[in-house]
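Colleague: Residue numbers (the numbering used here), protein chains in the order written: chain A, 202 to 311; chain B, 259 to 667; chain C, 19 to 161.
Hints should not be assumed to be uniformly reliable.
[As the list claims (entries may be wrong)] Computed cross-link-like contacts, EDC-like style, restricted to lysine to aspartate or glutamate with a CA-CA straight-line distance of at most 20 Å:
{"no.": "1", "chain 1": "A", "residue 1": "233", "chain 2": "C", "residue 2": "74"}
{"no.": "2", "chain 1": "B", "residue 1": "260", "chain 2": "B", "residue 2": "477"}
{"no.": "3", "chain 1": "A", "residue 1": "233", "chain 2": "C", "residue 2": "131"}
{"no.": "4", "chain 1": "A", "residue 1": "203", "chain 2": "C", "residue 2": "111"}
{"no.": "5", "chain 1": "A", "residue 1": "203", "chain 2": "A", "residue 2": "235"}
{"no.": "6", "chain 1": "B", "residue 1": "469", "chain 2": "C", "residue 2": "131"}
{"no.": "7", "chain 1": "A", "residue 1": "233", "chain 2": "C", "residue 2": "76"}
{"no.": "8", "chain 1": "B", "residue 1": "261", "chain 2": "B", "residue 2": "596"}
{"no.": "9", "chain 1": "A", "residue 1": "203", "chain 2": "C", "residue 2": "61"}
{"no.": "10", "chain 1": "A", "residue 1": "233", "chain 2": "B", "residue 2": "627"}
{"no.": "11", "chain 1": "A", "residue 1": "203", "chain 2": "C", "residue 2": "76"}
{"no.": "12", "chain 1": "B", "residue 1": "469", "chain 2": "B", "residue 2": "419"}
{"no.": "13", "chain 1": "A", "residue 1": "203", "chain 2": "C", "residue 2": "74"}
{"no.": "14", "chain 1": "B", "residue 1": "469", "chain 2": "C", "residue 2": "47"}
Please keep in mind that the hints were generated in silico from the structure rather than gathered at the bench.
Everything numeric in this text was worked out from a predicted model, so none of it was measured.
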Amino acid sequence: MKATDLIGCAVYAADGEELGHVHDLRLESDGKPEDGDWRCRLTGLVCGSSAIGHRLGYGTGDMAGPWPLTSLLARWRRRSLTVPWRDVDELQPGRITLRTSRRQLEQMQR
Amino acid sequence: MKKFLQLGLGVVTAVGGFVDIGNLVTSGITGARFGASLTWAIIIGTIGMTVYAEMAGRVSAVGGRTVFHAVRERLGVRTALVNMIASGLLNLLTLAAELGGVALVLQLVTGVNYLIWVPIVAAVMWLAIWRLPFTWLENLFGVLGLALIVFVVALFKLPTDWHGLWQQTWHPRVPNGEGHPTYFFYAVSLFGACLVPYQVVFFSSGGREEKWSPGSVTEMRMNSLIGFPLGGLLSIAIMFAAVPVLQPRGVDVAHLGQVALPVTQALGVTGLAIALLGFFAATFAAGAECALSTGYLISQYFGWPWGKMHRPAAAPQFHLVCLAAVIAATGFILTTIDPVTVTLVSVVLGAAAVPLTYFPVLIVANDRDYMGDRVNRRLSNTLGTLFLVVMLVTSLATLPLLFITKAGL
Amino acid sequence: MTRKAATRKATSLMWANEGLLDRLLIGIDGEDVGMVDNLEFSDATPASGAASGAAEPELTALLCGPLAFGPRLGGRIGTWWTAIGRRLRPDGDPAPNRIPIQLVRRISHRGVELAVPATELPNRRVFDWARSRVVDKIPGSGA
C-alpha cells in the first residue's frame with residue numbers, strides 16, 4: 202500500500218455521510234530514527250475539506266505568522282477530523298468507509 | 259580588515275547584481291516618457307525585493323532551505339510543478355533578454371550586428387558557468403557592474419531640475435498625452451524589473467554555494483539590506499538621467515544605446531565607454547545568474563545534486579539544465595525578435611509570476627521548526643504580507659494591461 | 019497548541035504530508051539523493067471486529083524517482099510521467115526505487131538523512147544518463 206492510495210480518497214462514515222478527503226496521514230513511532238530500530242506505524246487519516254493548511258505547515262507546525270494566515274488556517278485545521286486507522290472498515294480505490302459515525306469520531310477527539 | 263573587504267565586496271556584488279537588462283530598459287523608457295512620475299514603482303519594487311531577499315537568505319542560511327525546496331515542500335508536487343515550469347520559462351525569456359542585451363552592447367562598441375554576437379556571447383556565458391568558480395562569477399561582474407555609477411555622476415553634470423524631479427516623485431501625475439493603462443503598464447514593468455523571481459532563487463541558492471551558516475546572517479543582511487536598495491538607487495539614477503536629455507526631445511527609447519545617451523551628453527565618449535562597460539557587466543552577470551537559477555530551481559524541485567560547489571560530473575543533471583537553458587534562450591533571441599520587447603515582456607510577466615516564488619519563502623521564514631528564534635519578526639511579516647497583497651493585485655492586473663496597451667505601445 | 023509528542027514521551031507523532039513527503043533525501047556523504055515522492059506501507063487489512071488496533075500498517079520504505087513521482091501527480095500527466103519512467107528502466111521493472119526505512123538515520127530540518135552514501139542508492143539512473151551521455155563528454159567536467 203502506498204501513501205497515494207490513501208491521500209485524496211473520499212471518506213464516508215458508517216451511515217454514509219461524507220467526511221471529506223484524506224489530506225494527510227498520521228504516523229506514530231516509538232522513539233526517533235537516530236535511536237535505531239525505528240518503526241513507524243500509520244495510526245490515522247486526517248480528513249477534511251481542505252488540505253492547504255496542512256500542506257503549508259499550519260497543521261501542527263510551530264508557525265510564527267504571518268497573522269491572517271495563522272488564525273485562518275488554525276480555524277480550518279480545527280474543522281478537520283483525524284480518523285483512527287482502526288475505525289477503517291473498507292478500502293476501495295478512491296474511497297474509504299469507516300465503521301463509525303461523525304458523532305462518535307468527534308466525541309473521541311475531544 | 260579582510261572581513262571588512264569581504265563584507266564590502268558582498269554589498270558591491272549585490273548592487274551590481276540588482277541591476278540587469280530589465281532595469282536598464284524600463285528605467286530608460288520611463289524616464290524619457292514619464293519623467294520621474296513613476297519613481298514610486300521602483301521604490302516599492304526595491305523595498306519588496308529587499309524584504310524578500312533578506313527572508314530567502316535567512317531561510318537559506320538558518321533553515322538550510324533554498325527557495326525551490328521550500329516551494330515543493332509547502333505547495334505540494336502539483337502546484338510546485340506548475341510553479342517550476344512557469345518560473346523556468348520566465349527564466350528563459352529573461353535569459354534571452356540578457357543575451358540580447360550583451361550582444362547589443364557589443365554592437366554599439368563594434369558596429370557589428372548583434373545577431374552575430376548572440377551565439378558568441380552565449381558560448382562565453384556557458385563557458386563561464388561551466389568553468390568559473392562561483393565567487394568569481396558573482397564578484398567580478400558585480401564589481402564591473404558598479405561602472406553604472408556613471409549615471410549618478412552624469413546627473414550632476416546635466417542641467418538636472420532637482421526640484422522638479424522631487425515634485426514628480428512624491429506627487430506623481432500621469433503626464434499629458436499618456437493614458438492610464440500605459441502609465442500603469444510601465445509601473446508594472448518597473449516593479450517587475452526590481453522583483454524578478456530569478457534573483458531570489460539565485461540569492462538563496464548562492465547562499466548554499468557560499469556555505470552560509472546561521473553565523474552568516476549578518477553578512478547576508480548587509481548584502482541584501484544595503485546592496486539591493488543601492489541597486490534600486492542606481493535604477494532611479496538611470497531614470498532621472500533620461501529626464502533632462504531624452505524627455506524634452508520626445509525620444510521614444512527603443513534601443514539600449516539610447517539609455518546611455520544622457521551619459522554621453524554629460525561626460526562624452528569616456529562616460530559612454532564606462533556606461534557600456536556597466537551595461538555589459540550587468541547583463542552578462544544577470545544572464546549567467548539566470549541560467550544558473552534555471553538549473554537551481556529544476557534540480558531543487560527534483561532533489562538532484564546541484565550547484566557550482568560540485569564538479570560538473572557530480573551534478574550532471576544541473577549542468578545539463580543550465581546548458582539546455584542557454585541553448586534554448588539563444589535560439590529564441592536568434593529569431594530576430596526585438597531584445598527590448600523581449601525585455602519588457604519578461605519583466606511584466608515576471609511581475610505576474612512573482613507571488614509563486616515569494617509566498618513559500620514567507621511561509622517557511624515563519625516556521626520555528628526550521629528557523630528557531632530566527633523566524634520573521636513583526637516588521638518582516640507586516641512588510642512581507644503587505645507586499646504579497648501588492649504583488650497579487652499587480653499579477654492580476656498584468657495580463658489585462660499587457661493586452662490593453664499592446665505591451666506599452 | 020501543545021504538542022502531543024511532548025506529553026507522551028516515548029511516542030513521537032509525524033504527519034506524512036507535513037513532515038515526510040516532498041522532503042529532501044540526503045546521503046551520509048551530504049549529497050542530495052532525491053525527494054521523498056511516495057511512502058510504502060505494509061499491507062494491512064482494515065481491522066475487523068475485535069482485532070482493533072492490531073492491524074496498523076507499518077511504514078516500510080520511502081519511494082523516489084519517476085515511477086514514484088508519477089502517481090503523486092495523478093491524472094494524465096502522472097500516467098504519462100510514469101510511462102516515461104518505465105521506459106528509462108532497462109529491466110522494465112514497474113516498481114519505483116525503494117529506500118527501506120532501516121536506512122533512515124535522522125529526520126532533521128534539512129530533510130531525511132540516510133545511513134548510506136548517495137552512490138549506493140538505486141535512483142541514479144537519470145544522474146548516470148546525464149553524466150555519461152552529456153556531461154562527461156565535455157572537457158573540464160572533472161570526471
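Colleague: Run every hint past the structure and note whether it holds.
Modeller: Structure-based check of each hint:
1. 233(A) / 74(C): holds, 19 Å
2. 260(B) / 477(B): Given that 20 Å is the threshold and the Cα spacing comes to 13 Å, the pair holds.
3. 233(A) / 131(C): holds, 12 Å
4. 203(A) / 111(C): holds, 17 Å
5. 203(A) / 235(A): violated, 24 Å
6. 469(B) / 131(C): With a Cα-Cα distance of about 19 Å, the restraint between residue 469(B) and residue 131(C) holds, given a limit of 20 Å.
7. 233(A) / 76(C): The hint holds at about 15 Å.
8. 261(B) / 596(B): violated, 44 Å
9. 203(A) / 61(C): holds, 9 Å
10. 233(A) / 627(B): The given pair, whose Cα atoms are some 16 Å apart, holds under the 20 Å limit.
11. 203(A) / 76(C): Distance of about 11 Å is within 20 Å: holds.
12. 469(B) / 419(B): violated, 47 Å
13. 203(A) / 74(C): Given pair residue 203(A), residue 74(C) holds - Cα atoms ~14 Å apart, limit 20 Å.
14. 469(B) / 47(C): holds, 16 Å
Going down the numbered hints, you'll see the structure goes against 5, 8, 12, while the others check out.
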